[in-house]
Amino acid sequence: MEYRRFGRTNETISVITLGGMRFPHGWDPPRDALPADSIRTCVETTRRALESGINHIETAHGYVKSESLYGVALRELNVPRHRFKMMTKGAPMTADETRRLVDEQLRALQLDSLDFYGWHGINNEERLQAAVKPGGPVETLHRLREEGVIGHVGFSTHGPLDIILRALDTDLFSFVNLHY
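Take the sequence shown: its letter number 3 is residue 3 in this note's numbering, and every next letter is one higher.
Treat the hints loosely; a few may be bogus.
What the hints assert, rightly or not - Listed next, the in silico DMTMM-like pairs over lysine to aspartate or glutamate satisfying Cα-Cα at most 25 angstroms (straight line):
(1) K133 - D162
(2) K133 - D103
(3) K133 - E146
(4) K133 - E104
(5) K133 - E76
What the hints assert, rightly or not - Label pairs and their in silico Cβ distance ranges:
(6) P24 - E147: 13 to 23 angstroms
(7) R166 - H142: 13 to 23 angstroms
(8) R81 - E125: 29 to 39 angstroms
(9) D171 - R5: 11 to 21 angstroms
(10) L161 - A33: 33 to 43 angstroms
(11) N78 - Q129: 38 to 48 angstroms
(12) Q110 - M21: 12 to 22 angstroms
(13) A36 - Q129: 35 to 45 angstroms
(14) D32 - V79: 18 to 28 angstroms
(15) R8 - P134: 19 to 29 angstroms
(16) V79 - E126: 19 to 29 angstroms
Source of the hints: derived by calculation from the structure; they are not laboratory data. All figures in this text were calculated on a predicted structure; none of them were measured in a lab. Beta carbons: idealized from backbone N, C-alpha and C, even for Gly.
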C-alpha cells in the first residue's frame, strides 16, 4: 500500500480509503437497525481493507447506518485504535447542533475521538458561509479539536474550484475530502 501525508495535517494515510457510503440497507431508516447482512458485509470489507494496508476509514452521518456499522465491525474485529484513522462528516448548522451531532457520531462509531472531521458538502457559497460563520459549526469543531475530541477539521465538497479555494483561504481547514 502507498501512503501520503493528508492535506495540511502531519497524518499519513493510505492512498486508498475505505468508504462507508454503500453498505446493503445502509440508507434504510432507522439508523440503529443493523441487518445481519449489512454487518457481515462491513466486517468482511473492513477486515480485508485493513489486511491490505488501508488505514483510513471514511464515513458520514448522512450515510445513515454507516457509522454504526463501522462501530460494530471495529469492535467485532477488535482492531487496535492505532491501526486506523477515522474520518466522519456532518453538516450541522449551529454550535449546539455540532456538539450533539459529534457526540452521537462518537457513540455510533464506539470511539472516544476522531482523527478527522469534515464539514459535509461545502458545494456553494451559501454552504461555505453557513459553515464558517462566527460562533457556528466550524468554530465549534475547532473547540472540539482543542478539547482532544477531533484531530483535524476539514471539509468535503463536490463544488467548483472557486468555492474550494475560498474555503481553503479561510485557513479554518486542514484537509479537503475531494472525490475523483
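Here is what the structure says about each hint:
Pair hint K133 plus D162 holds up; C-alpha atoms about 18 angstroms apart against a cutoff of 25 angstroms. Distance hint between K133 and D103 is fulfilled; the C-alpha atoms sit about 21 angstroms from each other, no more than 25 angstroms. Proposed proximity of K133 and E146 is supported: the alpha carbons are some 19 angstroms apart, at most 25 angstroms. For a cut-off of 25 angstroms, the pair hint linking K133 to E104 stands: about 23 angstroms separates their Cα positions.
Restraint check: the Cα-Cα separation between K133 and E76 comes to about 40 angstroms, which exceeds 25 angstroms; the hinted pair is violated. The beta-carbon spacing between P24 and E147, approximately 36 angstroms, falls outside the hinted interval of 13 to 23 angstroms. Range check, R166 to H142: about 18 angstroms between beta-carbon atoms, so the 13 to 23 angstroms window is met. The hint said 29 to 39 angstroms for the Cβ distance between R81 and E125, and at roughly 38 angstroms that hint holds.
The beta-carbon spacing between D171 and R5, approximately 18 angstroms, falls within the hinted interval of 11 to 21 angstroms. A C-beta distance of roughly 40 angstroms is found between L161 and A33, which places it inside the suggested range of 33 to 43 angstroms. Separation of N78 from Q129 is about 43 angstroms and conforms to the stated range, judged on CB atoms against 38 to 48 angstroms. The hinted range of 12 to 22 angstroms is satisfied by Q110 and M21, whose Cβ atoms lie roughly 20 angstroms apart.
Restraint check, A36 to Q129: a C-beta distance of roughly 43 angstroms satisfies the suggested window 35 to 45 angstroms. A C-beta distance of roughly 21 angstroms is found between D32 and V79, which places it inside the suggested range of 18 to 28 angstroms. Look at R8 against P134: about 22 angstroms separates their beta carbons, and that is inside 19 to 29 angstroms. A beta carbon spacing of about 39 angstroms between V79 and E126 contradicts the range 19 to 29 angstroms that was offered as a hint.
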